[in-house]
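So the sequence shown is numbered by full-length UniProt numbering: it starts at 1 and just counts up by one.
If you're looking for bench data, these hints aren't it; they were derived computationally from the structure.
The beta carbon of each residue, even a glycine, is placed where N, CA and C say it ideally should be.
One thing to keep in mind: the hints can contain errors.
Using 25 angstroms as the maximum straight-line C-alpha spacing, the simulated DSS-like pairs for lysine-lysine come out as follows [as the list claims (entries may be wrong)]:
{"no.": "1", "residue 1": "K97", "residue 2": "K53"}
{"no.": "2", "residue 1": "K19", "residue 2": "K130"}
{"no.": "3", "residue 1": "K123", "residue 2": "K97"}
{"no.": "4", "residue 1": "K70", "residue 2": "K6"}
{"no.": "5", "residue 1": "K118", "residue 2": "K70"}
{"no.": "6", "residue 1": "K97", "residue 2": "K130"}
{"no.": "7", "residue 1": "K6", "residue 2": "K64"}
{"no.": "8", "residue 1": "K6", "residue 2": "K97"}
{"no.": "9", "residue 1": "K19", "residue 2": "K6"}
{"no.": "10", "residue 1": "K53", "residue 2": "K64"}
{"no.": "11", "residue 1": "K73", "residue 2": "K6"}
{"no.": "12", "residue 1": "K64", "residue 2": "K130"}
{"no.": "13", "residue 1": "K70", "residue 2": "K19"}
Estimated spans, in silico, between C-beta atoms of each pair [to be verified]:
{"no.": "14", "residue 1": "Q55", "residue 2": "V26", "range": "39 to 45 angstroms"}
{"no.": "15", "residue 1": "N109", "residue 2": "K53", "range": "37 to 43 angstroms"}
{"no.": "16", "residue 1": "E99", "residue 2": "P124", "range": "38 to 44 angstroms"}
{"no.": "17", "residue 1": "K6", "residue 2": "T102", "range": "37 to 43 angstroms"}
{"no.": "18", "residue 1": "E77", "residue 2": "G107", "range": "25 to 31 angstroms"}
{"no.": "19", "residue 1": "P124", "residue 2": "E77", "range": "21 to 27 angstroms"}
{"no.": "20", "residue 1": "Q48", "residue 2": "R78", "range": "16 to 22 angstroms"}
{"no.": "21", "residue 1": "F127", "residue 2": "P61", "range": "35 to 41 angstroms"}
{"no.": "22", "residue 1": "A28", "residue 2": "T102", "range": "20 to 26 angstroms"}
{"no.": "23", "residue 1": "P128", "residue 2": "S54", "range": "37 to 43 angstroms"}
{"no.": "24", "residue 1": "S20", "residue 2": "E74", "range": "19 to 25 angstroms"}
{"no.": "25", "residue 1": "D31", "residue 2": "P58", "range": "42 to 48 angstroms"}
{"no.": "26", "residue 1": "P58", "residue 2": "S121", "range": "42 to 48 angstroms"}
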Amino acid sequence: MDAALKSNQIYVDRIAWFKSALEGSVGAVSDEEMHVLTQGFIDRETDQLEEAKSQRRPGRPPSKIEDQIKQRKEGEEREFRGGFWVPELRTDEGRSKLERWTGDWSGLNTLDFVRVVKSGSIKPSSFPPKGLS
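Use the sequences and the hints to build the structure in full.
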């Protein structure tokens with residue numbers, strides 16, 4: 001997989017996670033729920049990380065998987081402090097657009113996006129993600 005495709009896939013996987021997290025519920029999401037969903041995404045690999053830690057023998061360095069999960073989580077936590085890029089779900093229209101999304105990078109341009117900031121605010125954003133748009 002080339003670098004551009006790989007960097008795009010990170011965002012496709014992120015949006016797919018949010019889409020699957022909403023299955024079984026209806027309607028727009030509140031600001032508080034946006035923060036809970038975002039933290040849930042960041043914490044999605046906690047069980048896998050704990051499993052990797054428990055399988056490591058005492059005195060041994062962390063496994064490659066353990067390091068990868070930690071690095072990914074640290075990067076996502078940093079992004080969350082500045083504004084985590086997610087689909088806009090606080091409107092029925094935004095939610096509906098996500099539900100119709102077919103799972104590909106090019107289809108993301110039809111969605112609306114926001115940046116959820118850990119301290120509590122939610123700011124408008126754009127596609128494709130860049131800096132703190």
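Outcome of the hint check:
1. K97 - K53: Between K97 and K53 the Cα gap is close to 39 angstroms, so the pair fails against 25 angstroms, i.e. violated.
2. K19 - K130: holds, 21 angstroms
3. K123 - K97: Holds: K123 and K97 sit about 19 angstroms apart, inside 25 angstroms.
4. K70 - K6: holds, 19 angstroms
5. K118 - K70: Holds, at about 19 angstroms.
6. K97 - K130: holds, 21 angstroms
7. K6 - K64: This hinted pair holds, its Cα atoms lying about 19 angstroms apart.
8. K6 - K97: Within the cut-off at roughly 24 angstroms; holds.
9. K19 - K6: Holds - the C-alpha atoms of K6 and K19 are around 20 angstroms apart, at most 25 angstroms.
10. K53 - K64: holds, 11 angstroms
11. K73 - K6: holds, 17 angstroms
12. K64 - K130: Status violated; Cα separation ~28 angstroms.
13. K70 - K19: This hinted pair holds, its Cα atoms lying about 24 angstroms apart.
14. Q55 - V26: 39 to 45 angstroms: This hint holds: roughly 40 angstroms between Cβ atoms.
15. N109 - K53: 37 to 43 angstroms: holds, 40 angstroms
16. E99 - P124: 38 to 44 angstroms: Violated, since E99 and P124 (Cβ atoms, about 21 angstroms apart) do not stay within the stated range.
17. K6 - T102: 37 to 43 angstroms: Because 20 angstroms falls outside the window, the suggested range is violated.
18. E77 - G107: 25 to 31 angstroms: Hint holds: Cβ distance 28 angstroms, inside 25 to 31 angstroms.
19. P124 - E77: 21 to 27 angstroms: holds, 22 angstroms
20. Q48 - R78: 16 to 22 angstroms: holds, 20 angstroms
21. F127 - P61: 35 to 41 angstroms: holds, 39 angstroms
22. A28 - T102: 20 to 26 angstroms: Since A28 and T102 have Cβ atoms about 22 angstroms apart, the given range 20 to 26 angstroms holds.
23. P128 - S54: 37 to 43 angstroms: holds, 38 angstroms
24. S20 - E74: 19 to 25 angstroms: holds, 24 angstroms
25. D31 - P58: 42 to 48 angstroms: Cβ of D31 to Cβ of P58: about 44 angstroms, so the range 42 to 48 angstroms holds.
26. P58 - S121: 42 to 48 angstroms: Taking Cβ atoms as reference, P58 and S121 lie about 43 angstroms apart, which means the hint holds.
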